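*Asks:* Here is what each chain is made of, one letter per residue.
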Amino acid sequence: MSRSASHKVTQLLLEWSDGDAEALDDLMPLVYDELRRLARRHLRGERSGHTLNATALVHEAYFNLVDQERVVWQNRAHFFGIASQAMRRILLMHARRRNAQKRGGGQPDLPLDDVIVVAEAHVQDLLALDAALERLAAMDARMARVVECRYFGGLTIAETAAVLDVSPATVKRDWRTARAWLHRELSETRPPPPGGAS
Amino acid sequence: MDAARWQQVKAIFQEALERPPSERGAFLEDACGGDQELLAEVQSLLVSDEHAEGFLDVPALDPEEEDEHDPFIGMQVGVYRLRSLLGRGGMGAVYLGERVEGDFEQQAAIKLIHAGLRSPELRRRFHTERQVLARLQHPNIARLLDGGVTEDGVPYIVMEHVDGLPLTDYCDLHCLDTDARLDLFLTVCDAVRYAHRNLIVHRDLKPRNILVDTEGRVKLLDFGIAKLLDEEPSAEGPVTTGLRVMTPEYAAPEQVRGEPVTTATDVYALGIVLYEVLTGQRPYRLSSSAPSEIERVICGTDPARPSTMITRAASADDPPTTRPVTPEEIGAARSTAPDRLRRRLTGDLDVICLKALRKEPGRRYASAEQLADDLRRHLDGLPVTARPDTLRYRATKFIQRHKVGVVAATLVILALVGGIVATAWQARVAAAERDRAERRFDDVRNLANTFLFEFHDAIVDLPGSTPARELVATRALEYLDELAREAEDHPVLPIELAQAYRRVGDVLGNPTNPNLGHTERALASYRKGLDVLERATVLRGAARPPAAHVAKAELYESLGDVLGARGDLAAADSMIQTAVVSYQQLAAAHPDSIPHQVRYAVGLIKRGDLAGNDNFNNRGDPATALGAYQQALPLLERSRRLAPENPRPFRLHGLIYERLGTIYEQQDSLRAALAAYRRSLELREAFVTAYPNHVEGQRDLAVAYEKMADMYVHQRRPAEALRHYRQAHRLFEALLEADPQNASARVTLAISHLHQGDVVGFETAAHLGNRSAALRHYRAALDLLDAAHADDPTNSRTAWLRDLLRGRIDGLS
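Line by line, the protein sequences give chains A and B.
For the first sequence, counting from 1, position 152 maps to 187 in the numbering used here; every step adds exactly one.
For the second sequence, counting from 1, position 279 maps to 263 in the numbering used here; every step adds exactly one.
Same shape as in the complex, but just chain B (with noise of 0.2 Å):
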């Protein structure tokens, strides 16, 4: 057979496949339309499919005995066949099965309580766990979907099959780093939070029973040992049957003890997962499972913290083994060198494990909950509760010694950000009394973060907030000052404090954004921020995280824009280099991430811009600039096909095509130039439509609009360059009107001027003839440029046109 007509049997016996075998008769003589030929060719491969049940099933090499002698393989259990075995457990075994009479996907997992094993007891626990999933749906649950007793008196339960992979080799199998790893294994807290919320307890809580499947689906199973918390106490078993049941790597001391069971016990299980999920190594090595070695180990030795697991080298006595066992090979499954893990995981998460793995029940987490509470404050950089008392000493001292302050400092803040926040810290001064201290110190911490990002961040497009925003980050830095100088062990603190100077630098003179045009003062706040990363000692070595690395490559980039405006090129070509490579290392490990590739793409556009960008003070150097914005565009396209609705790269790729443009013009490609431009302004309209709001997004179109009339001006079209000159004035005063202390739109402003002067009336270019108006252009500039050189006596890029314009009004007059 030739490969055109396969495609045709092939596609004609998959359709079928997915229809009821009622109506495939039908559909064969419609699809196959009188050819014969082809109808006999799909017909045996549908009679092949119903024999090919099972065939191949089982890889090459894999053993495949156990299937053979098993009676139950091929036997009718319900609607269901029985396919293969899936697993064997304490009571029974599970097998896959298929639906008699069912289309594709219908399998599903069949526990049956193996012959011999069928005690009152065993049927007893049979019928919990059909009780208990009855009861229980949660999308990370495995579902019950039937249950009953075969023609043989056999019990057995019906549920959903899972195909996916124990978490622990999930995790190892991808690769994932200890954020992706947190992130699943909150899921699976969530799914046991949901059990005992239905007075559920699993009692039996091993990666083997947490698969994730193909879709990266968490799912729990085998509420086979399952408790209900509302169940008569005279039918539990004996005391002695728990321990056999149980897993003993697993059991927490009170199982091992016969004690009474609780959601403890659960949380006590998860804190092992957790535990082997971070560091691929349980905490405690049975010898040997007589229950007098499991009672020693279990109940009487405290587990190591779990970063102290990392470097300890596999031992010769250990269980044989395909998953990884070194040092380098768990670092490798978690995508991380074993000294970073290390780190990673040393503080909180040594401290969160250590917590729920307490031997008695009260002390740990009091629920799955609080434990993933927990974790998502650590994953947000917050204090969890579980950190040594140190700091919550630290805050209350802190707090009974600040209190007045704290308090009419923040009622200060208070009164910027009006009611929202208000509301919410009523609401926390109203929370318990219990931990209150540590509360506020975070509440500090977490107002001052509000406003130097959320707050800060919102406004910082808005007309007319520049001087809200120096206020805002200069305040939120003093607090953010006097909680690091209380906490100096903290481990986000200092890199909030960076962030913090870099926004303070930025509303001072930073001309990539809105400022007050002091750039001296800038260049000191950066340097101060660099300062606080290099002092604290938490942020030192290799387990840096990504965030103080983006702290610090933001501050050298920041750095650079201000030194570049300056005049300083050499200084701020060394700085924004820095930042490029930083911002690299980061992008090539975080893949997906939006922000690292923009930052990244930001860096070589500024790269560009410092080394032969006309529109900026540059190195003369027009080939390298072109280099980074082609490295650049690529970074931004792909960013905006991965985030259709980020806003940023949208913007930045209407820019890069402004500075693509800006090269070829520069270089006398004109006509690519010109392409470049009308690709950038059609962005930037877009842009506009989707985002009516956005300053730096008006300011934009207004940059591409001059733009294409400086082409026109090439091609000798001064009318045309004049109307499109307009059309770009027109925007940048509204931005000036709407924010009249902005120092560098004042000075987009008088470029207008001169612009619409050489237009309409220099002598050297294509213009209109009309001095007088050419010279009432020159001198609105002069006045603009005069102010802003008043704000900002050094600012080198505002004298030169300053001289630029004097000369223009002088050959002009």
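Bound conformation, chain A alone (with noise of 0.2 Å):
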């Protein structure tokens, strides 16, 4: 990542953090640029032996993308809460490709190195489960925003907590009681299994 793309980030979230509220729209796509640009570097192989993992990515991005030297922790924490909104989008947008492609429309030549390989099983629960979250947003935001920060972000409590400006007793309830509401959507969205709870 050059010189310049960590200056702008680092610029666009100090003044996002001064109360700038459109340095956001201006973060976003560069922290999700970045992210993809990680794996696919990982998934082409220049790193081997290195599992892709969302901690690794989002930690990876901040590091490129960052200049430590002039931000201080809370800056930190915004740039996590951004980089797992990316994963977010990045996973969403390939379970979106996939299933199109599966019924036949959409983008058939999707680019090799545009690939994030989500397991085919996966596809139409991350689908399920982004609508879900989307609801769960309309009523309770914070705990969207922790799911998000977890399980797309990778992010442990204590960051969550930083990200969310929370404690990290907060996050841990509210993670759990979101696992909960979510688990019993997507039960509910499912066919029944058999002898289930729902």
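Hints should not be assumed to be uniformly reliable.
Claimed, not checked - Partial list, derived from the structure: chain A residues whose beta carbon lies under 7 Å from chain B:
1. 175
2. 186
3. 187
4. 192
5. 208
6. 215
As the list claims (entries may be wrong) - Restraint-style ranges between C-beta atoms, simulated for each label pair:
7. A:128 x B:-14: 27 to 37 Å
8. B:561 x A:128: 46 to 56 Å
9. A:72 x B:659: 53 to 63 Å
Honestly, the hints are just simulated from the structure, not real lab data.
Computed from a predicted structure; not experimentally measured.
Built from N, CA and C at the ideal position, the CB exists for glycine as well.
Build the complex from these two chains, which are given one at a time in their own frames, with help from the hints.
*Replies:* So, in structure tokens, the structure goes:
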């Protein structure tokens, strides 16, 4: 990542935390592109032997994009929050394309380097989860953000707490509640398992 | 469901989870209060919660195949159900387990020996680990919770689950600087020391076995190959197995060679961990895991000094990593630049690491404790025992040459400080012969610093202490001066020396503290201090420690104080500006450091005073003054919130309102001024109540009374004004009585007389019309100022006040 991109992201982060809401709009695509770039590079085997995981990608993007000399930890938390959202978008975009492909429509010429491997079985789950998460966000925006950070961003409880500026205990409670709620939602939309609880 | 309804559901659901399942039914009935829909919703969530175990636990992109085929997942072991794999080791796997009948936080790490690996040797080691853990109860060592054998005959151990990151990753993730890394590492040393005291050697210390949890707590794990030093030697497995189970990159030469393992083996591993924590790299690179290669590298090559590793470029052969690898990344992960980091490590930290990494166990630190002690000495700015021999040699020579002088001079100072230090000194004199000379060198330095910092600073606010302070500061200066000549390359002495010059200058003639009124000599002392810092080659360049920046900025600040008082406003302003710029940078770099925040705030206050505060010689720019004060206010408010027990921001909080009031008053915003002065008076009364012996606090309170009195003058209420001036006067008088040589106390009292004279009789103000009483006040004031002028004829403020008073007296008589 070039020095100027790092400079730009750092600057936008600082502006955003200074209250410039528009900086977020400019920030998101940069983070999104970097995450995709990293994911592709990992998958192409430039760093073979390394498993692709959300946590590592988000941290690596942070190291690449942000001039740590200039930011404080709150900016770092902001970045992780954005990166979690970006990861969600990346995965969802991929899942939608795969779904479209399978139905024979959409974009058949999916470029090879644009693929993030999501196990086939997970595509439907991911789309259902995303829809459920939207419904959760309508009732409880913070709880949905907790899921986004934990599941899509691979953030720990403590990191999530920093991103959302709440206590780790609150994140733990939200996380457990969200899981119970989402699990129920997703079980209800599927054919009920034999002898299932719901 | 709407958001309000959901909040209700959520609250009841979360509260239900906090209760044991047996009590939940009754709780729900009660909490839902007959709302069947609500009850059904919460119950359905509770049912779902039971099934949601592990749901979404593995982040979207993380590989999860491992879990799916693992027969242990879901199995019940003791009272725990295995939920997911935490990691695999040489002899088994560790799972995250959750108590079957549990509430929120009942997680544990459960270690099992894998099928096919259950050899007698492994069982024996497993047994040893259990024994070891049972013996260790330390906040920084993961606790043993339980242990046993499953129904299928698989031995297991249940340990405290640590949700954390390996030490190195934690440090990088949080971009911890070198000091913070050392603090964490010291905790590790403490845990290892504790294990050693219990006759246990860990033998496999590495970052992956040293986790830091989300609360920042260090936990040592995996005593899987630990050795009980009191165990029968015959129970030790064959030598060759040692090689197989150790981690080559962290193994000591004696482990590689299969020689006896002692606590020094752990010291070696700590050395590698320290090396890696500091530099982001390990000292050795193994090109293969062949025993011959391991032995060649570990036993046959010398590690490079840690500081030289920073600018070493990452090699293409290096294993892939997402950790920082380039010099810039390594520096950034430590919140610094590569060059600064290199300089930070050069010297003490280099030699400490290399001493821990010596090939011969006997030449390393004898224990984790000694390693920790040396790191603490380094952090405290004291010479470390591991420094190369040259300094010890020099110190020995110095003490041999000056033995009589040092002891005699020490006794002189001892007479000043009395018994406390004497006892400490004698204890030190009685210390072992070993390292005696070096210790003496340190003692003299410590003693000088004790006088300069602790003793001097302890008495600075005591009435009557001014001459004692001069003696103490001058004497300490002599010692440091002498030591500095003997150890020119010392990393800290020049800073201490510069601070000594500043204190001496302050006592001699800085109007911001009780002083002897010799401004010329004060200026000379500050300039000498700057000169010392300038000449100290060890402090040159980018690696200059924060203490050196502070010392330099403080000298500029003091120069500004004295030059301003002498009326050289342009020079004073440029000095203060220089100081403020430094303070601002330091405050930004250390946002949670109260001293740095306070220094910056004080710098701003002084800049404001000089710019346009009519209580000082100023450049007639009140708008700039107001800006500077307003910048200082939030810094002080924040510092008070961060450190409510710290008197310094407390006192300054009262002061800044007085300053703001002054500017408002100058700008004729009387309502704003009165509000600010009131606030200042409240804060200062509270301060004096909290710190009744604080001299400056009493002076502050007196000033606050004066300010209120001034406002009453403006409101043409001379009787109220006089009452407040008298309150102030009583306090000022007491202060001068307690410290009769204090030049600024004298001037202050003179001003108090001037104010009272104006109120009781001066024609131009609203007054009480008592000319003779006014005249008495003015004459008393002039007497005091004459005395002050005789002490220091160059002080322009004194001269200006004398002229003013002469005018008043002429006008009345």
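*Asks:* With reference to the structure, classify each hint as holding or not holding.
*Replies:* For each hint, the structure was consulted:
Below 7 Å, beta-carbon pairs count as interface contacts, and residue 175 of chain A has one with chain B at about 6 Å; its hint therefore holds. This hint holds: residue 186 of chain A has a C-beta 5 Å from the nearest C-beta of chain B, less than the 7 Å allowed. The criterion of a C-beta within 7 Å of any C-beta in chain B is met by residue 187 of chain A, whose closest approach is roughly 5 Å, and the hint holds. The interface hint given for residue 192 of chain A is met, as the beta carbon of that residue sits about 6 Å from the closest beta carbon of chain B, less than 7 Å.
With its C-beta approaching chain B no nearer than about 5 Å, residue 208 of chain A sits inside the 7 Å limit, and its interface hint holds. The criterion of a C-beta within 7 Å of any C-beta in chain B is met by residue 215 of chain A, whose closest approach is roughly 4 Å, and the hint holds. For residue 128 of chain A and residue -14 of chain B, the hinted distance range of 27 to 37 Å is satisfied, since their beta carbons lie about 31 Å from each other. For residue 561 of chain B and residue 128 of chain A, the Cβ-Cβ distance of about 54 Å falls inside the hinted range of 46 to 56 Å, so the restraint holds.
For the pair residue 72 of chain A and residue 659 of chain B, the beta carbons lie near 57 Å from each other, so the given range of 53 to 63 Å is met.
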